[in-house]
Amino acid sequence: MSSQLQISDNFTKAISCLCFVFGAAQTILLGLIPKIAMVTNLDITSIIIIYGFSIFFFLFMTKEWAALFSKLKAKTIYRIAQFGLLMSNLALLATFTSGNVRLSLIFFVISRIIYALSASSIIPFSQIVKIGRYKDTHSGILETTIFLNTGRLVGLVLGGLLAFNLNLSLVVLIIMLLLTIPFDFKSGINEIQTIAGKKDTDTKQLIMPLLFIPLIYTFMTSFFHTSITSVVGDILIGQIKQSATIYWLLTLASLVIILTQLILKKLKLINSKIFSTLAIVSLLFSFYSFSRVNSLETLYGFIILFSFGAAIIPILYMGHIYNLNPSSPKQIVASEISFYQTLGNALGAIMSGVIIKYNFTNYILFLFVALVVGAISISFKYSTSDTSEELSGATNG
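Residue numbers for the sequence shown follow the numbering used here, so the first one is 1 and each next one is one higher.
Keep in mind the hints are simulated off the structure, nothing from the lab. Do not take every clue at face value.
What follows is a set of in silico ranges between Cβ atoms, one per label pair, in the way DEER data are often shown [claimed, not checked]:
id, residue 1, residue 2, range
1, I106, K357, 33 to 39 Å
2, N294, F53, 43 to 49 Å
3, S291, L68, 30 to 36 Å
4, V369, K266, 44 to 50 Å
Simulated crosslink set (EDC-like; lysine to aspartate or glutamate; CA at most 20 Å straight-line) [what the hints assert, rightly or not]:
id, residue 1, residue 2
5, K73, D9
6, K35, D234
7, K241, E297
8, K357, D234
9, K241, D43
10, K75, E64
11, K381, E297
12, K357, D43
We put the CB at the ideal spot given by N, CA and C, even for glycine.
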C-alpha cells in the first residue's frame with residue numbers, strides 16, 4: 001500500500017526546524033561527555049557505554065513509532081517529538097546543576113529515556129514527509145539530511161564557542177526549541193493525510209539484506225564519533241580543552257559534509273558513480289588514517305577523509321532501499337532504516353567503549369575494511385538484480 005502525502009509548506013518548515021534542532025542536540029551532547037563523566041564521577045568510557053546502551057531504548061521506540069505513524073495525527077507526532085526533545089534537554093541541564101553526583105547520574109539517565117521515547121520519531125517522520133514532496137527519492141532524503149547536518153554544525157559551533165561554560169550551549173538549545181513551539185499549522189494542517197499503511201512483511205523481507213548497509217555504516221560512524229572523545233582525552237589535558245577540541249573537530253566534519261551535500265544538490269551529482277566511488281575510497285583511507293592518529297593534526301586528517309564519505313554514502317543507501325520497491329509503504333521502510341541505523345549507533349558506541357577500555361584498537365582497521373567489502377557486495381548484488389529485472393520487464397509489487 002502506498003500513500004501520497006499532501007503537505008503544507010508550514011508543516012514542512014516546522015519539520016525542517018525540528019530536524020535542525022535535533023541535529024544540534026546530538027552534537028552538543030557529544031562534546032558534553034567529558035563534563036558528564038566529571039559531574040557523575042565516572043570515567044569517560046563508562047559514560048560512552050551508558051550512552052550506547054541508552055540507544056537501545058531509542059531503537060525499541062523506533063519500531064513503536066512505525067505503528068503509531070498510522071494512528072496519530074501528523075501534528076500530534078510533531079508535538080510529542082518537540083516537547084520530548086525540550087524535556088530531555090532540561091533534564092540534561094539538571095545533570096550539571098544538581099550539585100550531587102548521584103542526582104547527576106539519575107538526571108542523565110532520565111534525559112536519555114525521554115529522548116528515546118520522543119525524539120526517535122523525528123528522522124523517519126521527516127523522511128516520509130520530505131519524500132512525499134519530491135518525485136526523486138534521493139532529493140527528499142537529501143533535504144532532511146542537509147537540515148540535520150546544518151543543525152549538527154550549529155550545535156558544534158555553539159559548543160566550541162561556549163566551551164568555557166557548556167551549560168550555556170544547552171540554554172541556547174532550549175531557547176531554540178521554545179522558538180519552534182509557536183509554529184502555526186492552521187493554514188495547512190488539515191491538508192496532511194494520515195500516514196496510511198499496515199505492517200507489510202513482504203516489504204521487510206524484500207529490503208532486509210540491504211538493511212545491513214545502514215547497520216554497518218552507522219556502526220562505524222558511531223564508533224568513530226565516540227572514540228574521538230577518548231582520543232582527544234589522550235592527547236590533551238583538561239576538560240575544557242577536551243570539550244572545545246571535540247566540538248571543533250566535529251565542526252570540521254559537519255562543514256565537509258554540508259559543503260559536499262550542497263555541491264551534490266546544486267550540480268545534481270547525487271547519482272554520479274564517480275562520487276560514489278570516491279566516497280568509498282575516502283572511507284577506506286580514513287580507517288588507515290585513524291589507526292595512525294597520534295596528534296591533533298593526524299586527527300584532523302582522519303576527520304576530512306571520513307566526512308567526505310559520510311556526506312554521500314547514507315543518501316545512496318537510503319535512496320537505494322526506498323527505490324527497491326516504490327509501492328512499499330514509506331513509513332515501514334523509514335522505520336526499518338531508522339531501526340538498523342539506531343542499532344548500528346548503539347553497537348558502535350558500546351564497542352568504542354569496550355575496545356578502548358581493553359586496548360583492542362589494532363584490530364579495528366581489518367574489521368572495518370571487511371565490513372565495507374561486505375556492504376559493497378550486498379549493494380552490488382541488488383543493483384545487478386534490479387538491472388536484470390528492468391531488462392526482462394519485471395516489476396515489483
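Right, here's what the structure says about each hint:
{"no.": "1", "hint": "I106 x K357: 33 to 39 Å", "in the structure": "violated, 24 Å"}
{"no.": "2", "hint": "N294 x F53: 43 to 49 Å", "in the structure": "violated, 30 Å"}
{"no.": "3", "hint": "S291 x L68: 30 to 36 Å", "in the structure": "violated, 43 Å"}
{"no.": "4", "hint": "V369 x K266: 44 to 50 Å", "in the structure": "violated, 32 Å"}
{"no.": "5", "hint": "K73 x D9", "in the structure": "holds, 17 Å"}
{"no.": "6", "hint": "K35 x D234", "in the structure": "holds, 16 Å"}
{"no.": "7", "hint": "K241 x E297", "in the structure": "holds, 16 Å"}
{"no.": "8", "hint": "K357 x D234", "in the structure": "holds, 12 Å"}
{"no.": "9", "hint": "K241 x D43", "in the structure": "holds, 17 Å"}
{"no.": "10", "hint": "K75 x E64", "in the structure": "holds, 17 Å"}
{"no.": "11", "hint": "K381 x E297", "in the structure": "violated, 39 Å"}
{"no.": "12", "hint": "K357 x D43", "in the structure": "holds, 10 Å"}
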